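Sequences listed follow chains A and B, in order. Residue numbers for the first sequence follow UniProt numbering, beginning at 1 and rising by one. Residue numbers for the second sequence follow UniProt numbering, beginning at 1 and rising by one.
Careful, some of the hints might be misleading.
If you anchor each label on the Cβ, the simulated ranges turn out as follows [to be verified]: (1) Gly-93/B x Pro-209/A: 36 to 42 Å; (2) Ser-112/A x Phe-20/B: 52 to 58 Å; (3) Gly-61/B x Gln-150/A: 45 to 51 Å; (4) Trp-6/B x Thr-219/A: 41 to 47 Å; (5) Trp-6/B x Tyr-248/A: 45 to 51 Å; (6) Leu-193/A x Ala-13/B: 39 to 45 Å; (7) Gly-201/A x Glu-5/B: 24 to 30 Å; (8) Phe-98/A x Thr-77/B: 45 to 51 Å; (9) Phe-20/B x Lys-241/A: 27 to 33 Å; (10) Phe-206/A x Ala-13/B: 43 to 49 Å.
In silico DSSO-like links for lysine-lysine, alpha-carbon gap of 30 Å or less [as the list claims (entries may be wrong)]: (11) Lys-241/A x Lys-66/B; (12) Lys-260/A x Lys-241/A; (13) Lys-66/B x Lys-260/A.
Hints are computed from structural coordinates only; laboratory data are not their basis. Given the structure is predicted, the values throughout are model-derived calculations rather than measurements. Glycine is no exception: its CB is placed at the ideal position from the N, C-alpha and C atoms.
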Amino acid sequence: MTHPTAHRLLVPVGDSVTIRETVAYVVRRASEALEDGQAVELHFVSISVMGATSEESGEDHERLRELIDAWLTEDFGEEIPADVTVETAIVGQDQYLFSPDDYANVLLEYASNHDLDRVVMDPEYNPEGTIPLLAPIESRLRASDLDVEQASVEREARQPVLARAASLPKYLAIFAVSFGFYLSIGSLVLFDLVTGAITAGVVSIFLTPVAFRRNPSFTRALRQLVRLPLYAFYLLWEIAKANVAMAYVILHPSLPIDPKMVELRAALWGDVPITTLANSITLTPGTLTVTVTQRTFLVHSLTGSSRDDLSAGGLERAVRFVFYGRSGARIPSPRERDDYTDEVTPTDPDAAAEPETEVQAGG
Amino acid sequence: MTPLEWLAVVLAAGGVFFGFVTAVGLVRLPDVYTRSHAASKSDTLGSVLSLAAVAIALQSGIATIKALLLLLFLFLTSPTAAHAVTRSAEDQGIEPWTRDSEGDE
Chain A
1 MTHPTAHRLL VPVGDSVTIR ETVAYVVRRA SEALEDGQAV ELHFVSISVM
51 GATSEESGED HERLRELIDA WLTEDFGEEI PADVTVETAI VGQDQYLFSP
101 DDYANVLLEY ASNHDLDRVV MDPEYNPEGT IPLLAPIESR LRASDLDVEQ
151 ASVEREARQP VLARAASLPK YLAIFAVSFG FYLSIGSLVL FDLVTGAITA
201 GVVSIFLTPV AFRRNPSFTR ALRQLVRLPL YAFYLLWEIA KANVAMAYVI
251 LHPSLPIDPK MVELRAALWG DVPITTLANS ITLTPGTLTV TVTQRTFLVH
301 SLTGSSRDDL SAGGLERAVR FVFYGRSGAR IPSPRERDDY TDEVTPTDPD
351 AAAEPETEVQ AGG
Chain B
1 MTPLEWLAVV LAAGGVFFGF VTAVGLVRLP DVYTRSHAAS KSDTLGSVLS
51 LAAVAIALQS GIATIKALLL LLFLFLTSPT AAHAVTRSAE DQGIEPWTRD
101 SEGDE
């Protein structure tokens, strides 16, 4: 359908601050190609994000597709020229994409299936959201037969996402923590003091750029450190209860379990609070965090009473207390907020395995 | 035996008990999700009690601190491992076992 020497572009797209400029760049490139009298094929491909349900990424994809359509129409002026074919696709849904190579391979596969010859990368493209993958993906793509170019876009000073500007307070905080840890497992003799200082120095040099999002505040850290033991005791008590309940359920002759998947949207923001809550949920009565997307927790629960505890939000309140102070603890429970969903439908019924039936085995 | 030694023995016995519950749970529970429950919870408390017994039995400052640090790391790694296992199970599309599905078979 297209000319053999047509410009066939692959544009990986996703949530990124420069997606709009990238589309504009693609349109400029396409217009140049059109002046040569060549037909142009544009493939906007989004990669299904790991951890998102297929429904979620489908919605995201749909939203993105509409946006891209609107931008293309705008940039081409009135309507997209007849010589331009626009395709949008979503790839990688049924695969567990982990390394940059996995992402690159998915793109390469798509490119070879559609006979594409050029990749335009969004300079802020980052399929995974948190870990910067652009550079490794790009170098993998460059190793193939495809031409790879980065869209030239105007943007504010580019900031590496993982490594952030290091500052003296950050160095000192890392140094203090690692030195303290070294000494706590060693002893207070001169040898340990010296080797500890050297080790902590090396650690702080390497880890400071990645360890903090913002400058550590001594007072904030102190306040959280004071609240943390309170939380630890609360958690220990909950864990003890969890285990007694688990022991009862497991050793009971008729195995009284009623497992269910539930969903919980936590009123927490930031990596550390989310991680704390996810791990605490796993450690307490009959609940187990399966997946976390943004602040939505997919939780597997073993018994009905464990679900009641979860929707009452005691743990969430405790985590909020540690990170946001006493006022943070006074919020409605997830059930009252309507942030709690009982019985989540399975994400992919086709791929579902047969449930095992050896319930009473070994009982 | 001193009261502290008795306490250590009781804690160690508790650790053994919860280790046993973990093993029984792994065998009895029906699917990967429920089994992860047993592995992530009973196992953690079993280790916690055993380590507490160690901390008391050794009765020296530095060893106690080390045992406490081990506890801290267990609290971080054990749920993370359970999370990784169940998450990959979920990614593979393995449906959780329910009371209803038991009736179907």
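Here is what the structure says about each hint:
1. The hint said 36 to 42 Å for the Cβ distance between Gly-93/B and Pro-209/A, and at roughly 39 Å that hint holds.
2. Our hint of 52 to 58 Å for Ser-112/A and Phe-20/B holds, since their Cβ atoms are close to 55 Å apart.
3. Checked against the hint of 45 to 51 Å, the pair Gly-61/B and Gln-150/A fails, with Cβ atoms roughly 57 Å apart.
4. Separation of Trp-6/B from Thr-219/A is about 43 Å and conforms to the stated range, judged on CB atoms against 41 to 47 Å.
5. One distance hint, 45 to 51 Å for the beta-carbon pair Trp-6/B and Tyr-248/A, is violated here, with the actual separation near 26 Å.
6. At about 40 Å, the CB distance of Leu-193/A to Ala-13/B agrees with the hint of 39 to 45 Å.
7. Take Gly-201/A and Glu-5/B: their Cβ atoms lie about 43 Å apart, and the range 24 to 30 Å is violated.
8. Phe-98/A and Thr-77/B have their C-beta atoms about 20 Å apart, which leaves the hinted 45 to 51 Å range violated.
9. The hinted range of 27 to 33 Å is not satisfied by Phe-20/B and Lys-241/A, whose Cβ atoms lie roughly 19 Å apart.
10. Remark: the range hint 43 to 49 Å for Phe-206/A to Ala-13/B is upheld by a beta-carbon distance near 44 Å.
11. About 25 Å separates the Cα atoms of Lys-241/A and Lys-66/B, which keeps this hinted pair within 30 Å; it holds.
12. With a CA separation close to 20 Å, the supplied pair Lys-260/A and Lys-241/A stays within the 30 Å bound.
13. A hinted pair counts as satisfied when its Cα atoms are at most 30 Å apart, and Lys-66/B with Lys-260/A does not qualify at roughly 38 Å.
Taken one by one, the earlier hints fail for this structure at numbers 3, 5, 7, 8, 9 and 13, listed in ascending order.
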